[in-house]
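Participant: Chains as they are written, first to last, in this note's numbering: chain A, 1 to 380; chain B, 381 to 489.
Simulated from the structure, these hints should not be mistaken for laboratory data.
Yeah, the Cβ is synthetic: ideal placement off N, Cα and C, and Gly gets one too.
One or more hints might be untrue.
[Said to hold, decoys possible] Lysine-lysine pairs mimicking DSBU-like chemistry, simulated, CA-CA at most 30 Å apart:
(1) B:K432 / A:K48
(2) A:K330 / A:K48
(3) A:K351 / A:K48
(4) A:K214 / B:K432
[Claimed, not checked] Taking beta-carbon pairs under 10 Å as the criterion, some of the chain A residues facing chain B (in silico):
(5) E34
(6) L128
(7) I141
[As the list claims (entries may be wrong)] Taking beta-carbon pairs under 8 Å as the criterion, some of the chain A residues facing chain B (in silico):
(8) P148
(9) G172
(10) Q174
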Amino acid sequence: MQTTDLAVVGAGPAGLAAAIAAASAGVRVLLIDENARPGGQLFKQIHKFFGSKDHYAGTRGIDIGTRLLSDVEALGVEVMLDSVVWGIFADHTLGVIRDRRNVRVQAGSICLATGASENALAFPGWTLPGVMGAGAIQTLINVERVLPGKRVLMVGSGNVGLIVSYQLLQAGAQVVAVVEALPRVGGYGVHAGKLRRNGVPILTSTTIREARGKDRVEKATTVVLDERWRQVPGTEREYDVDVICLALGLTPLSELAWMAGCQFAYIPQLGGHVPIHDEDMQTTVPGIYVAGDLAGIEEASTAMEEGKLAGIAVAQALGHLSAAEACRRKEAVFKRLDELRSGPFGEARQKAKTRLCHPAVEEQSAPRPRPGPKHSERQG
Amino acid sequence: MRIENHPILGAREQLPTVLIEVDGQVIEAVAGEPIAAALVAAGRMVFRYTRKRHEPRGLFCAIGRCTDCMMVVDGVPNVRTCVTPVRAGMKIQTQHGLGQAKGGHDAND
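Chain A on its own, in the form it takes in the complex:
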């Protein structure tokens, strides 16, 4: 059995930041990730981040990832890759599958930074090859440099839908349209503006009705929705496309937090069931912390700040940081988080996060969710 002061599960932006914050204060950290490469989704992010200089603004995700990885290496954090944490047991023990063998890790504290998975949408033809998640498309075009098709219909106009649409243009594809079921564009105006300037129509109150094709997507039909979300007959429109990209939001990957016995609150603005946590990112189970999308769907920049909070809190709990020094470091993070959570989009998240730290009784520990279609239901 391996032992460590802090086990961080997930080496994305939140997990990397937690590992760096704790290790730089002297905590022995083990960082575990199921992928062959650390960095989570950062290496797909070829756009520049927003915010101030303290938030890595103007820096692309890939460059932030590279910087965090070199920090992790310099601090001597042990990184365990290709390793799946499949269970979390009493006394902070983790079950890890590595090289097809089960390894146990005994940790003083645990920070869960497992991230999120993409939401899917079931419509006739949604299982056809060529219908893909936005994350899949981003991996293909920005990491593997493979273009899966030439003409794409994007479903969803949140920031992911808008950014991936633009990245598809950069990769040389044509985006025939972005459809959005809501009556307004979901993401930032700056991202929508870039698409509009490139002639990509963003069709609000419109959704996908059907995908057709023999062995892969050949056609997509869209339809207009009325104010009660009903399809308006006669508004169908057919597009010749070879890829349909689904950008429909994310759901926290919360299995380990459920298994650990953390209490949850149901907060739709944060992606559904989210572990209740305090301002140190500690859950209702002492010694188990959360950070990043698992703690509520936001952005990579907020995920890194939350990871830092968890790392500082663990260092303080272990006596590596004095209360005064920990407080000073946390205040700096709170200040940056307040800036990141300002503006019309940020304020809604700020309110939701406040509810998560102080949930009303009726929100707590709602029954386990039965979400919409799952990837695994595509088996057929």
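Chain A is fixed; fit chain B onto it per the hints.
Facilitator: Using the frame of chain A, we list chain B on its own:
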């Protein structure tokens, strides 16, 4: 199709390649890339057919969660090709149903 030139990422690096065999056809793959990326780059979108209705499935999530991209790799069925890197000489087959393990019986029966 490979993206050769990119306004942000620049020209594609000339990385070492390996040859893999897909349903008997030899294709070139970039060393270390996921099997799924090599297949999509070669224009192959159908990875398997489902057990009950024999419907085609391809790459969907690309992060090892949805299992839509499972294929038979070197005789082992149900390999998630989006998280499995290519190796020189690898033999990849379209999977039908749950696939047939090497030396075993067809899981469809």
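Participant: Run every hint past the structure and note whether it holds.
Facilitator: Cross-check of the supplied hints:
no.	hint	verdict
1	B:K432 / A:K48	violated (46 Å)
2	A:K330 / A:K48	holds (26 Å)
3	A:K351 / A:K48	holds (26 Å)
4	A:K214 / B:K432	holds (17 Å)
5	E34	holds (7 Å)
6	L128	holds (7 Å)
7	I141	holds (6 Å)
8	P148	holds (5 Å)
9	G172	holds (6 Å)
10	Q174	violated (13 Å)
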